[in-house]
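Construct the entire structure; sequences and hints are all you get.
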Amino acid sequence: AQSVTQLGSHVSVSEGALVLLRCNYSSSVPPYLFWYVQYPNQGLQLLLKYTSAATLVKGINGFEAEFKKSETSFHLTKPSAHMSDAAEYFCAVSPSNRDDKIIFGKGTRLHILP
Amino acid sequence: EADIYQTPRYLVIGTGKKITLECSQTMGHDKMYWYQQDPGMELHLIHYSYGVNSTEKGDLSSESTVSRIRTEHFPLTLESARPSHTSQYLCASSESTIFNEQYFGPGTRLTVT
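Just so you know, the sequences run in chain order G and H.
So for the first sequence, my numbering puts the first residue at 25; every next one is plus one.
So for the second sequence, my numbering puts the first residue at 1330; every next one is plus one.
Please note that a few of the clues may not be correct.
[Unchecked claim] Residues from chain H that keep clear of chain G, each with C-beta distances beyond 10 Å, as calculated:
1) Q1335
2) I1348
3) T1349
4) E1371
5) E1430
[To be verified] Which stretches of chain G does chain H cover? Using the computed rule of at least three CB atoms under 8 Å from a CB of chain H, they are:
6) 39-51
7) 85-97
8) 108-119
9) 125-135
[Said to hold, decoys possible] 20 Å max Cα-Cα, derived SDA-like pairs, lysine to any residue:
10) K1360/H - I1342/H
11) K130/G - M1370/H
12) K82/G - K1386/H
13) K93/G - H106/G
14) K125/G - P1412/H
15) K1386/H - G1369/H
16) K130/G - E1371/H
17) K1346/H - T1406/H
18) K130/G - P1435/H
19) K125/G - M1356/H
20) K130/G - H1373/H
21) K1360/H - T1384/H
22) K125/G - N1382/H
23) K125/G - M1370/H
24) K82/G - Y1432/H
25) K73/G - S36/G
26) K125/G - K1346/H
27) K125/G - S1383/H
28) K125/G - E1430/H
29) K73/G - L44/G
30) K73/G - E1424/H
31) K73/G - K1386/H
32) K125/G - Y49/G
33) K92/G - T1406/H
34) K130/G - P1368/H
35) K73/G - E39/G
36) K1386/H - T1400/H
37) K1360/H - T1400/H
38) K1346/H - T1394/H
Honestly, the hints are just simulated from the structure, not real lab data.
Using N, Cα and C, we set each Cβ at its ideal position, and we do this for glycine too.
Set out below in structure tokens:
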């Protein structure tokens, strides 16, 4: 069975500092992986996705994530945090060999300190 | 512009009332989903559809029902609202491709008093 684990339900970083949000997955088949962002009182917006092409994936708003099969990880990073990055971030996994649903992690709330 | 819409955005209603949450998408996606999300919490899949006249229950048991008569429309109905139904409801859609990327609506925040 597939699963996603996001380490840290809350992460705080100073404005201008590196953002690192951790995501580990469990999948018996090569997965597709996603990061979504949710701003208050809004739906989820896709930040980036991994679909077995390049292992380093670049997304919107300066975010990127690296797929590491040996570590079963797909951590999200941004070199320099901005106040507008404060939001909830969800990692998600979907099997690549069948028509199936996406499994979401529990989310990480990112706080940006001035 | 292709998009996914949910109405109402906010709803406060009394116990026992029947309510329908609307979801429409203009992207021609075959797959549509309903998620329930409590504030600051994870998403729980409650219903999904892979096309017209196809509906399935999700991972989280829900007293709501859905219908899919038209590709673009996927309404969710609660026959008798209860305070335990207070939550945010998110609708999403995706293409029938294996990448399965989902597009989300803005959500409906439901409060049952």
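Hint by hint, which ones does the structure fall short of?
-> 1, 4, 5, 6, 7, 10, 12, 13, 14, 15, 25, 26, 31, 33 and 35
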